[in-house]
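Undergrad: Chains as they are written, first to last, in our numbering: chain Z, 297 to 673; chain E, 75 to 478.
Check each hint, because a few of them may be wrong.
[Stated by the list, open to error] The list that follows gives simulated cross-link-like pairs (lysine to aspartate or glutamate, EDC-like), each with its CA atoms no further than 16 Å apart: (1) E:K463 / E:E418; (2) Z:K661 / E:E174; (3) Z:K668 / E:E174; (4) E:K334 / Z:E627; (5) Z:K668 / E:E212; (6) E:K359 / E:D394; (7) Z:K668 / E:D394; (8) Z:K454 / Z:E408.
Simulated from the structure, these hints should not be mistaken for laboratory data.
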Amino acid sequence: MKARRWLVISALALLAAGLVWRWRDSVSPVESVSEPPPPRVVSAPREDGEEDFAAIDAAVRSKVLADWKELRAWLATNPPEEEVRQRLEELRELWVTLDPNGLAAVLRELLERGEDAPTGLTFRVGTHGMLSGWNTLRVFLLDVLTAADPESSAAIAKRLLDSTSSAEEFAVALRCLTHEGPGRADARELSERLDVLLGRGEWSRSPGFAEALDLPRAIATSRAAGQLMAWQGDRNLRSMALHEFAADHPSAVLEALAGESGRALDPQTRATLMARARADDPAQLAVADAYLRQPGLSPAEATAFLKAFPLASATTGDRLYADSPAPFTRERIVAGDRAALDQVRAWLEVPDLQGVRPDLEALEKRLEVWVKQAGER
Amino acid sequence: MSAFNRFCLASLILAGPAVAADPPKVVHPEKVDPQSIGQAPYKFTGVVLSEIGRGSGFCAWHPKAYFSAAHVVFDEDAGWMVPPVFAPGVNGDTVEPEAEIATRGYFRWHAYGDAVTAYGNSHRLSFSKDVILGYSLENLAGGETATLNLTGYQDLRKGVRSLITGYPAVIDYTDEENTYFMYETGPANLSWQVAATRYLTSPLVSTGPGNSGGPIWTEKKPGQWTAAGVLVSGLGGEAGVYSLSSDVNKLTRSAAPVLKDVPGNPISVSGVDRTSFVFPMTKPKKIPDGVARWTDFRFNVNKFAPEAPTKKLRLTLDIDTDHRGDLIVILQAPGGAWLSLTNEEGADADDFVLDDVDYSAGLADIPANGQWAIRVQDRLKGDIATVKKIVLEIGTEGPETPAP
Chain Z
297 MKARRWLVIS ALALLAAGLV WRWRDSVSPV ESVSEPPPPR VVSAPREDGE EDFAAIDAAV
357 RSKVLADWKE LRAWLATNPP EEEVRQRLEE LRELWVTLDP NGLAAVLREL LERGEDAPTG
417 LTFRVGTHGM LSGWNTLRVF LLDVLTAADP ESSAAIAKRL LDSTSSAEEF AVALRCLTHE
477 GPGRADAREL SERLDVLLGR GEWSRSPGFA EALDLPRAIA TSRAAGQLMA WQGDRNLRSM
537 ALHEFAADHP SAVLEALAGE SGRALDPQTR ATLMARARAD DPAQLAVADA YLRQPGLSPA
597 EATAFLKAFP LASATTGDRL YADSPAPFTR ERIVAGDRAA LDQVRAWLEV PDLQGVRPDL
657 EALEKRLEVW VKQAGER
Chain E
75 MSAFNRFCLA SLILAGPAVA ADPPKVVHPE KVDPQSIGQA PYKFTGVVLS EIGRGSGFCA
135 WHPKAYFSAA HVVFDEDAGW MVPPVFAPGV NGDTVEPEAE IATRGYFRWH AYGDAVTAYG
195 NSHRLSFSKD VILGYSLENL AGGETATLNL TGYQDLRKGV RSLITGYPAV IDYTDEENTY
255 FMYETGPANL SWQVAATRYL TSPLVSTGPG NSGGPIWTEK KPGQWTAAGV LVSGLGGEAG
315 VYSLSSDVNK LTRSAAPVLK DVPGNPISVS GVDRTSFVFP MTKPKKIPDG VARWTDFRFN
375 VNKFAPEAPT KKLRLTLDID TDHRGDLIVI LQAPGGAWLS LTNEEGADAD DFVLDDVDYS
435 AGLADIPANG QWAIRVQDRL KGDIATVKKI VLEIGTEGPE TPAP
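Make the full structure from the sequences, and use the hints.
TA: Written out as structure tokens, the structure reads:
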């Protein structure tokens, strides 16, 4: 019996050692156009028991804890910023190749330990939401967590969101809940998280907080748009977030604009958001029409709207939760310009709009040029 | 006028006395020979007229696209306005109306985090993102386009011969102002230094207000000029440029859907692009049934130039199953970014099959080298799913984005 136990233990130890060796040496080239050897299939569990999972998880844990210890000791020597960035990038690249379930488990353990240190780097969002700058080691752990098993990551992130006092941790943990796929939270939960975020006034000057303002766009509901409109924080940040949201999801923003929170916005922001109505969608064009015809609309706001409508410019860059903004297509712009031209000609006939006739005529001229340009392509 | 624009104007005006005091050391703008205006690289340079002022720009990457400085077209206080006009190859006292091409919109590169960093608009970090990619619905430079040099960041720092073109509104040493003659500053081997991320500055070069947004060209081979950056600032005998790198892909990726026919990967060889490689897996593999653990199919990629960004990503995948809804499948890129390919969708339909599906947009610009993985889970017991075939095609571009 004893001998058998030793045999099992030895077999597990050998398996674990083999797995570690594979991670260290699993990058032999497999690609070639002419003679492609098959890729390695790793971490596929045996179908006859749970031992493999335990061994895999143990090996992942051992590897990550060793790397973590080494990293913290090295960081204590105050290495140059660029070396820190490079080392963290390399470590992330290595860790995300580990078994995702085992990785999520050990990251949870490290986050629960509470060990942390500043990295000297500025918090920065990189390509497809992965970070290119981590201000603390815990933020780094959370960044890797989003690449681990999505369901486990979401569960870990929820616990952290309820307790963290760091804007950057909050922002990155939310990514586990916003990523399309397993682990994605529903719109209601995300809206509740957005309320918490917007209520943390002490975070308002933090880069993590600012980057998290991409959240409403990822939720994509009129409720989220209304929450953002009602937020009384940094005007430029709010305007940028609303415009990126409206460029991607104009219907949701137009619906919120028509409500109480829309009326609370400054006229300039409200006018240019309304200018994001897609004219090729009759429902959205009807909202823009009703907006321009409303008796209480000031001439200045009407002018701001007519200077921007139909707005097809946008900010873009790396974002935490949703894809980098790329909200327009040629087909929609061309169809929208044609529909907008018809609408402007109708507005020119409306007696109540004669006060903004010069703006309408200028817009008509622009649209005629754009429609002609599109036709001559 | 925003603080940023005031800063730009003030700093460029301040350049006057410094230039006058030490003219031999400073590279000045000189009028471009009218005979050369129709030739590369001058023919790609144009005037940019926006509601907040005038500047310069250049048609590059796509015949309907131009680059300029963000502060030429956007003012935080004024917000979004009428898109600017681009007038290529202008050379005279005025811009004739027939030379003006209405543009339709632009993409301005901006990060939320930068908005709360306490540096204000005139700080060097502002210039490190002071660039736009504008677009029109018609060709901007007769259907031709300049080539982008995505190693501009490195080349300028190495002192590769460079040339700035554009339309300065004020020329200090001639007192000429408010004309629209094309000027060139250089060619010269200038000493560009990093001031902040992609923002480089060089002493001993003076351009002029209005030149903002104009191109800085690099000549890596005699007579072949490629656009290596955008002029964004000037300060007493010092110029600042936003230098190009693969970062500019953030702009081109956003603009691609409105431009169509965007420059693709180059020449096709034997069915695959020269910068593409195909990574196949054809040995069938069973997935553990009803187990919430992942089976990874890994592709270790090292065929590409270091840091070459992914531009093309196509996937063929064939999973044999009686219940497609049991499956979760993920495509993970090097560094951890991932896409969900199916998340228990399809109920009891047979087989999950992807036939050469394009996922380029979802994971574009991630360094192509590294470990890619297809991760599969079969969540419910009852039938065995088998991965029969995976073909992953990955493509990149060279350092110079080619003209179409």
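Undergrad: All the hints need checking, so say for each whether the structure fits it.
TA: Each hint tested on the structure:
Of the supplied pair hints, the one linking K463 of chain E and E418 of chain E is violated, its CA atoms being roughly 20 Å apart against a limit of 16 Å. Our distance criterion of 16 Å between C-alpha atoms is met by K661 of chain Z and E174 of chain E, whose separation comes to about 14 Å. Distance restraint check for K668 of chain Z and E174 of chain E: the Cα-Cα separation of roughly 15 Å lies within the 16 Å cut-off, and the hinted pair is therefore satisfied. Note on K334 of chain E and E627 of chain Z: the hinted pairing holds, with a Cα-Cα distance of about 10 Å set against a maximum of 16 Å.
Taken as a hint, the K668 of chain Z and E212 of chain E pair is honoured in the structure, with Cα atoms around 9 Å apart against an allowance of 16 Å. In summary, the hint linking K359 of chain E to D394 of chain E is supported, as the alpha carbons are separated by about 10 Å, within the 16 Å threshold. As the CA atoms of K668 of chain Z and D394 of chain E are separated by approximately 51 Å, the hinted pair breaks the 16 Å bound. A distance of roughly 13 Å separates the Cα atoms of K454 of chain Z and E408 of chain Z; the hinted pair therefore holds under the 16 Å criterion.
Against the hints set out earlier in the document, violations occur for numbers 1, 7.
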